[in-house]
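Asks: Residue numbers (the numbering used here), protein chains in the order written: chain A, 1 to 114; chain B, 1001 to 1110.
The hints are simulated quantities; they were obtained by calculation from the structure and are not laboratory data.
Any given hint could turn out to be false.
[Claimed, not checked] Non-contacting residues of chain A with respect to chain B, defined by C-beta distances greater than 10 Å in every case (computed): (1) 6; (2) 18; (3) 34; (4) 57; (5) 71; (6) 82.
[Stated by the list, open to error] Within a straight-line C-alpha distance of at most 20 Å, the following computed SDA-like cross-link-like pairs (lysine to any residue) qualify: (7) 42/A with 1030/B; (8) 37/A with 1106/B; (9) 37/A with 8/A; (10) 1026/B with 8/A; (11) 37/A with 1097/B; (12) 22/A with 1041/B; (13) 37/A with 1003/B; (14) 42/A with 1106/B.
[Stated by the list, open to error] Label-pair distances were calculated between CB atoms; the ranges are: (15) 96/A with 1022/B: 24 to 30 Å; (16) 1041/B with 51/A: 24 to 30 Å; (17) 1022/B with 71/A: 18 to 24 Å; (18) 1022/B with 7/A: 32 to 38 Å; (19) 1005/B with 99/A: 20 to 26 Å; (20) 1010/B with 45/A: 19 to 25 Å; (21) 71/A with 1096/B: 23 to 29 Å; (22) 1084/B with 60/A: 38 to 44 Å; (23) 26/A with 1084/B: 37 to 43 Å; (24) 40/A with 1022/B: 21 to 27 Å; (25) 1016/B with 67/A: 45 to 51 Å; (26) 1083/B with 20/A: 36 to 42 Å; (27) 9/A with 1057/B: 44 to 50 Å; (28) 1108/B with 54/A: 40 to 46 Å.
Just so it is clear, CB atoms sit at the ideal spot from N, CA and C, and this is done for glycine as well.
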Amino acid sequence: GENVEQHPSTLSVQEGDSAVIKCTYSDSASNYFPWYKQELGKRPQLIIDIRSNVGEKKDQRIAVTLNKTAKHFSLHITETQPEDSAVYFCAASMFSGGYNKLIFGAGTRLAVHP
Amino acid sequence: DAGVTQSPTHLIKTRGQQVTLRCSPKSGHDTVSWYQQALGQGPQFIFQYYEEEERQRGNFPDRFSGHQFPNYSSELNVNALLLGDSALYLCASSTHGEQFFGPGTRLTVL
Chain A
1 GENVEQHPST LSVQEGDSAV IKCTYSDSAS NYFPWYKQEL GKRPQLIIDI
51 RSNVGEKKDQ RIAVTLNKTA KHFSLHITET QPEDSAVYFC AASMFSGGYN
101 KLIFGAGTRL AVHP
Chain B
1001 DAGVTQSPTH LIKTRGQQVT LRCSPKSGHD TVSWYQQALG QGPQFIFQYY
1051 EEEERQRGNF PDRFSGHQFP NYSSELNVNA LLLGDSALYL CASSTHGEQF
1101 FGPGTRLTVL
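Next comes chain B alone, as it looks inside the complex:
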């Protein structure tokens, strides 16, 4: 079991561009949550997907959207990138309890 995996590891974009981040959950997990972790801060909840639907959403603008596929993997899309979107993006998978985090994608917006 590879655990939670994310791709890519690092990404550099410029303001205004769009980005797609990917997450594969731990085997047996059906729920994927996405978090944004700015440098020196705790993770901030973006949204959670279950059965291919967005189930909960944090205080993030509509520029942040996502998708979950039938195999439970998930994507996070961010449009019209701002400098302030630079952060570590973490996904976490779960089923009925503990959330297991992936290694994250480090996004830098220039």
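Only chain A is shown next, with the shape it has when bound in the complex:
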């Protein structure tokens, strides 16, 4: 069945360091890969997404890379700040004609220490 594996489950970095979170998906038909940030007690919020026709996408300190052959995608956060501390979820979807069921990974708890 459809599955998304996410690693690591926890990540602790010093402020200013980089953080990398990796995901692997099982359904080769997946073509849309969003990343959500969820702070404690809050709703998941989209921080960046990538579609299968693109290999890399950047937005300021955040970047996502996609390797369709290996069915891997990764989130890179540079120059981390304490406010980046949260749980990050990757997801995969076979997006077609509005059908966009998201399959989520189990999440990575990122702690950025001042």
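Take the given structure of chain A and dock chain B to it, following the hints.
Replies: Frame of chain A; chain B shown alone:
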């Protein structure tokens, strides 16, 4: 624009009871998806509604049902509640792309 809203915020029920959760989508969105997020886990897809019909369904039993109204708002109904149904229930609205999540309803089953 208030974004996606959900009600109630918190709910406590006992085993065997039934519950109805409500979701109002972001203005301009016609599709509502429901997810169950157990503590410490990622959201699990329950189902998606579009044009008042269930369009996709995840691996949840028939005890979980839903409805979408002409104004695109949606309800999630859960019958015969089990302890394992305790979770944060999130709805997300979309139109042709990004899903925007609501704040969720925290359901506790005792």
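Asks: Against this structure, judge whether each hint is valid.
Replies: Structure-based check of all given hints:
{"no.": "1", "hint": "6", "result": "8 Å, violated"}
{"no.": "2", "hint": "18", "result": "23 Å, holds"}
{"no.": "3", "hint": "34", "result": "7 Å, violated"}
{"no.": "4", "hint": "57", "result": "14 Å, holds"}
{"no.": "5", "hint": "71", "result": "18 Å, holds"}
{"no.": "6", "hint": "82", "result": "22 Å, holds"}
{"no.": "7", "hint": "42/A with 1030/B", "result": "23 Å, violated"}
{"no.": "8", "hint": "37/A with 1106/B", "result": "19 Å, holds"}
{"no.": "9", "hint": "37/A with 8/A", "result": "15 Å, holds"}
{"no.": "10", "hint": "1026/B with 8/A", "result": "33 Å, violated"}
{"no.": "11", "hint": "37/A with 1097/B", "result": "18 Å, holds"}
{"no.": "12", "hint": "22/A with 1041/B", "result": "16 Å, holds"}
{"no.": "13", "hint": "37/A with 1003/B", "result": "17 Å, holds"}
{"no.": "14", "hint": "42/A with 1106/B", "result": "11 Å, holds"}
{"no.": "15", "hint": "96/A with 1022/B: 24 to 30 Å", "result": "28 Å, holds"}
{"no.": "16", "hint": "1041/B with 51/A: 24 to 30 Å", "result": "26 Å, holds"}
{"no.": "17", "hint": "1022/B with 71/A: 18 to 24 Å", "result": "37 Å, violated"}
{"no.": "18", "hint": "1022/B with 7/A: 32 to 38 Å", "result": "36 Å, holds"}
{"no.": "19", "hint": "1005/B with 99/A: 20 to 26 Å", "result": "24 Å, holds"}
{"no.": "20", "hint": "1010/B with 45/A: 19 to 25 Å", "result": "21 Å, holds"}
{"no.": "21", "hint": "71/A with 1096/B: 23 to 29 Å", "result": "25 Å, holds"}
{"no.": "22", "hint": "1084/B with 60/A: 38 to 44 Å", "result": "40 Å, holds"}
{"no.": "23", "hint": "26/A with 1084/B: 37 to 43 Å", "result": "25 Å, violated"}
{"no.": "24", "hint": "40/A with 1022/B: 21 to 27 Å", "result": "24 Å, holds"}
{"no.": "25", "hint": "1016/B with 67/A: 45 to 51 Å", "result": "48 Å, holds"}
{"no.": "26", "hint": "1083/B with 20/A: 36 to 42 Å", "result": "37 Å, holds"}
{"no.": "27", "hint": "9/A with 1057/B: 44 to 50 Å", "result": "28 Å, violated"}
{"no.": "28", "hint": "1108/B with 54/A: 40 to 46 Å", "result": "42 Å, holds"}
Checked against the numbered hints listed earlier, the structure breaks hints 1, 3, 7, 10, 17, 23 and 27; every other hint is satisfied.
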